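S.K.: Position one of the sequence shown corresponds to residue 1 (UniProt numbering), numbered consecutively onward.
It is possible that some hints are incorrect.
[Unchecked claim] When the alpha-carbon atoms are kept at most 25 Å apart in a straight line, the in silico DMTMM-like pairs for lysine to aspartate or glutamate are as follows:
1. Lys28 to Glu39
2. Lys208 to Glu152
3. Lys2 to Glu39
4. Lys2 to Glu21
5. Lys2 to Asp50
6. Lys208 to Glu292
7. Lys2 to Asp16
8. Lys2 to Glu31
9. Lys28 to Glu8
10. Lys2 to Glu37
[Said to hold, decoys possible] Taking CB as the label site, the calculated pair distances span:
11. Glu292 to Pro250: 16 to 22 Å
12. Gly234 to Glu80: 25 to 31 Å
13. Leu17 to Ser256: 47 to 53 Å
14. Val114 to Asp16: 44 to 50 Å
15. Ser59 to Gly234: 52 to 58 Å
16. Arg235 to Gly34: 53 to 59 Å
17. Leu17 to His126: 56 to 62 Å
18. Ala272 to Thr127: 28 to 34 Å
19. Arg62 to Glu8: 21 to 27 Å
20. Glu174 to Val23: 44 to 50 Å
Because the hints were derived from the structure by calculation, they are not lab data. Computed from a predicted model, the values in this text were never measured in an experiment. Cβ atoms here follow ideal geometry from the backbone N, Cα and C, with glycine treated the same way.
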Amino acid sequence: MKIWVASEAVAGALSDLPGVECVVHDGKGPEPGGAEEVEVWIPPLQGVPDVPGLLARMSALRLLQTVTAGVEPYLPHLPEGVVLCNARGVHDAGTAEWAVGAMIAVLREFPGFVDAQRRGEWTYHHTGVLADATVLIVGYGSIGAALERRLEGFEVEVVRVARSARDGVHAMTELPGLLPAADVVVLLVPATPDTAGMVDAAFLARMKDGAVLVNAARGGVVDTGALVAELRSGRLRAALDVTAPEPLPPGHPLWSAPGVFITPHVAGSTPASIRRTLRLVRSQVLRHLAGEPLENVITDAY
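Model the full assembly from the supplied sequences, consistent with the hints where possible.
M.R.: Rendered as structure tokens:
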């Protein structure tokens, strides 16, 4: 069975499986030959060029296992008979940890103090604090649950919102009424047609003065122009691991907007994520070989 894998590390995790031939395709170099023989494809984190064309040539493909929670580059082009699975869970720890660190960094003004340190200035003043805050998690799934676990002990109130209501979790339709009370709004929704641009001028206007928007979802979830306008007014602050466009080009207004902390889509890029990805990939391939049910099968938009 031929498998295209994202890296040498993934190939190593599968190297002892009998009858398995791993070919590394990281999306950066030339495409390997034999796409029509590939039965399992594990694409790289950053994707590959021309996904629709490649999938059309993979006539033997039966399983597409991503190393990301998002599947938007592949779902619209999935051939009939191919099972698509995501990596739900493997980036939970890293992303949740980043979200906690990012909201603390903005509330306690760490970026400003770093700038003052570089200037050699002692800029004593009071800052905000996470304690007693209301943290609204928009898109409460496995990462949201991991974030809530990490917020325990910070003396905050957590409000949960998901696509549909369940015990202790509000429906997305309730979101407009919840925004005005939130001190921190964390975005963890997937990229779907329903979430594209959902954080628009009206959404931001409903957030309370001084609130912090934390985006660990996808850049396209936020209307960048509307966010820049709010940041420039000084009414809101933000911590962004994802942006639209991405990568954020030099000279873009977000770089110089006040009150924003930006990281280059690194929330889930940790050794913990790599370890968990390798465990998941090996488990999924073993299940596929044995004809057993797979985990994280995508049956809807996500």
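S.K.: All hints are to be evaluated individually against the structure, with a verdict given for each.
M.R.: Structure-based check of all given hints:
1. Lys28 to Glu39: 21 Å, holds
2. Lys208 to Glu152: Judged against 25 Å, a Cα distance of about 23 Å means the pair holds.
3. Lys2 to Glu39: Holds: Lys2 and Glu39 sit about 6 Å apart, inside 25 Å.
4. Lys2 to Glu21: 5 Å, holds
5. Lys2 to Asp50: 20 Å, holds
6. Lys208 to Glu292: 49 Å, violated
7. Lys2 to Asp16: Roughly 14 Å between the alpha carbons, so the hint for Lys2 and Asp16 holds.
8. Lys2 to Glu31: Given pair Lys2, Glu31 holds - Cα atoms ~15 Å apart, limit 25 Å.
9. Lys28 to Glu8: Distance ~14 Å between Lys28 and Glu8 Cα, so the pair holds.
10. Lys2 to Glu37: 6 Å, holds
11. Glu292 to Pro250: 16 to 22 Å: The hinted range 16 to 22 Å is violated for Glu292 and Pro250, with Cβ atoms some 49 Å apart.
12. Gly234 to Glu80: 25 to 31 Å: 53 Å, violated
13. Leu17 to Ser256: 47 to 53 Å: 51 Å, holds
14. Val114 to Asp16: 44 to 50 Å: With Cβ atoms ~46 Å apart, the hint holds.
15. Ser59 to Gly234: 52 to 58 Å: Holds, at about 57 Å.
16. Arg235 to Gly34: 53 to 59 Å: 56 Å, holds
17. Leu17 to His126: 56 to 62 Å: 58 Å, holds
18. Ala272 to Thr127: 28 to 34 Å: 29 Å, holds
19. Arg62 to Glu8: 21 to 27 Å: Between Arg62 and Glu8, where Cβ atoms are some 23 Å apart, the hint holds.
20. Glu174 to Val23: 44 to 50 Å: Roughly 48 Å apart at Cβ, these two residues keep to the hinted range, so it holds.
Hint check: violations occur at hints 6, 11, 12; the rest are consistent with the structure.
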